Amino acid sequence: MTTMKKILIIEDDSFLQGLEVGKLEKEGYKVITASSGEEAMKKINESGISAILLDLVLPNFDGFEILKKIRETEALKTIPVIVFSNLSEEKTVTRSKNLGATEFMVKSNFTLDELLKRIKANLK
Amino acid sequence: MNGKVIDNKSKKIIKEESNTISIISHQLRTSLTAFKWTLKMLLDGDVGKLTSEQIALIQKTYSSNENMISLINNLLEVNHSDEKISISYDFKKIDILYLLEQTLLEFYGETTKKGIELIFIKPESPISPVNCDEKTIRIVFQNLIENAIKYSNKGGKIFVFLKQKDKNVEISIYDSGIGISDSDKENIFKKFYRTKRAIKKDSVGSGIGLFTTKNIIEKHNGKIWFENTAGGGTTFFVLLPIS
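Each protein sequence line maps, in turn, to chains A and B.
My numbering numbers the first residue of the first sequence as 1 and each following residue consecutively.
My numbering numbers the first residue of the second sequence as 125 and each following residue consecutively.
Everything labelled a hint here was simulated from the structure, so no lab data went into it.
Do not take every clue at face value.
Below, computed lysine to any residue pairings styled on SDA-like, alpha-carbon distance capped at 25 Å [said to hold, decoys possible]:
no.: 1; chain 1: B; residue 1: Lys259; chain 2: B; residue 2: Asp219
no.: 2; chain 1: B; residue 1: Lys216; chain 2: A; residue 2: Pro80
no.: 3; chain 1: B; residue 1: Lys281; chain 2: B; residue 2: Arg321
no.: 4; chain 1: A; residue 1: Lys23; chain 2: B; residue 2: Lys184
no.: 5; chain 1: A; residue 1: Lys117; chain 2: B; residue 2: Glu294
Computed Cβ-Cβ distance ranges for the label pairs, DEER-style [said to hold, decoys possible]:
no.: 6; chain 1: B; residue 1: Glu310; chain 2: A; residue 2: Glu38; range: 49 to 57 Å
no.: 7; chain 1: B; residue 1: Tyr222; chain 2: A; residue 2: Ile32; range: 36 to 44 Å
no.: 8; chain 1: B; residue 1: Lys278; chain 2: A; residue 2: Ser36; range: 50 to 58 Å
no.: 9; chain 1: A; residue 1: Glu38; chain 2: B; residue 2: Lys320; range: 54 to 62 Å
no.: 10; chain 1: B; residue 1: Ser307; chain 2: A; residue 2: Asn122; range: 47 to 55 Å
no.: 11; chain 1: A; residue 1: Gly48; chain 2: B; residue 2: Asp290; range: 35 to 43 Å
no.: 12; chain 1: A; residue 1: Thr111; chain 2: B; residue 2: Thr175; range: 16 to 24 Å
no.: 13; chain 1: A; residue 1: Glu38; chain 2: B; residue 2: Lys289; range: 52 to 60 Å
Partial pick of chain B residues on the chain A-facing surface, computed with a CB cut under 7 Å [claimed, not checked]:
no.: 14; residue: Ser146
no.: 15; residue: His150
no.: 16; residue: Thr154
no.: 17; residue: Phe215
Just so we're clear, the structure is a prediction, and the values are computed from it rather than from any experiment.
Each residue gets a CB set at the ideal place from its N, CA and C atoms; glycine is no exception.
Same shape as in the complex, but just chain A (with noise of 0.2 Å):
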């Protein structure tokens, strides 16, 4: 079992949501969820965060902006956050890097192994 690190997921659709939290907990993680951008607001104050899986495309407020919060937030300066999402344009994938995007992840091109396994490799 791997150590109990507390991963945040920020995920809008409740199917996709249920699916990831169900695979991350198997493997021992603990995991807080947000299903808005202003309920993500909020969760990324939570402490103890090891790393963020985030959805651009959310209620509220949009990826982007909470990006751009987590990278000024002093405790999540340095984790690691992956974008999880189904856009892949160019400039998404380059803005999301300059505001501080550890990895960009197309959903529909990685199963939930290789997610996993992403994941593990952000939390070395």
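Chain B: place on chain A using the hints.
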């Protein structure tokens, strides 16, 4: 699950994706992601053991879903072709023989059904691992084999060859199909171009397969070309540098 409605607030970010194709693709990808993850869970036995018949059926559905995801990726590549290609390439040393064999496996059912023989002539000597992006090279193989099948007649034969030539590998796919006329030669790799013979043989087609294939090969610093073969049919050649 799925069917996520893009509200006004979310439109803000969607504007980053500049056009309708990108927006529709985002929505389609979300549904396909849900299918992909669920089918994978079923295949992995995460929700209980399945019979071999059930696994075979789900595997086919999974492959079909993967093809749809590839199609969307292809569409986006074409859509973004005037910009930098946005789909990231993950270059790694790949066993190209294994990848080709696995890709061919996807097509034996279809060729049997159509009465076409698909024959892989394996290399006589070992092939060095090739530094390439597995997912997009798989798309290249799929596109070329799909075309060979689509434009072959019942009783036709398709030969696939793999050879190492110095610091490159060469994959060639020979078919005994409709061939490519001289007047189409210049345009065959152009976006949305379909030859008259291709339209006559199969009216359904996007005309993006060979365009995308060429783009992918060029991203690998490789080459693609074709030759008409005596007695009809075409052979497509792909040359990929090993490192």
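Tested hints:
no.	hint	in the structure
1	B:Lys259 to B:Asp219	holds, 13 Å
2	B:Lys216 to A:Pro80	holds, 23 Å
3	B:Lys281 to B:Arg321	holds, 19 Å
4	A:Lys23 to B:Lys184	holds, 24 Å
5	A:Lys117 to B:Glu294	violated, 33 Å
6	B:Glu310 to A:Glu38: 49 to 57 Å	holds, 55 Å
7	B:Tyr222 to A:Ile32: 36 to 44 Å	holds, 40 Å
8	B:Lys278 to A:Ser36: 50 to 58 Å	holds, 56 Å
9	A:Glu38 to B:Lys320: 54 to 62 Å	holds, 56 Å
10	B:Ser307 to A:Asn122: 47 to 55 Å	holds, 53 Å
11	A:Gly48 to B:Asp290: 35 to 43 Å	violated, 55 Å
12	A:Thr111 to B:Thr175: 16 to 24 Å	holds, 23 Å
13	A:Glu38 to B:Lys289: 52 to 60 Å	holds, 59 Å
14	Ser146	holds, 6 Å
15	His150	holds, 5 Å
16	Thr154	holds, 5 Å
17	Phe215	violated, 15 Å
Going through the hint list in order, the structure does not satisfy hints 5, 11 and 17.
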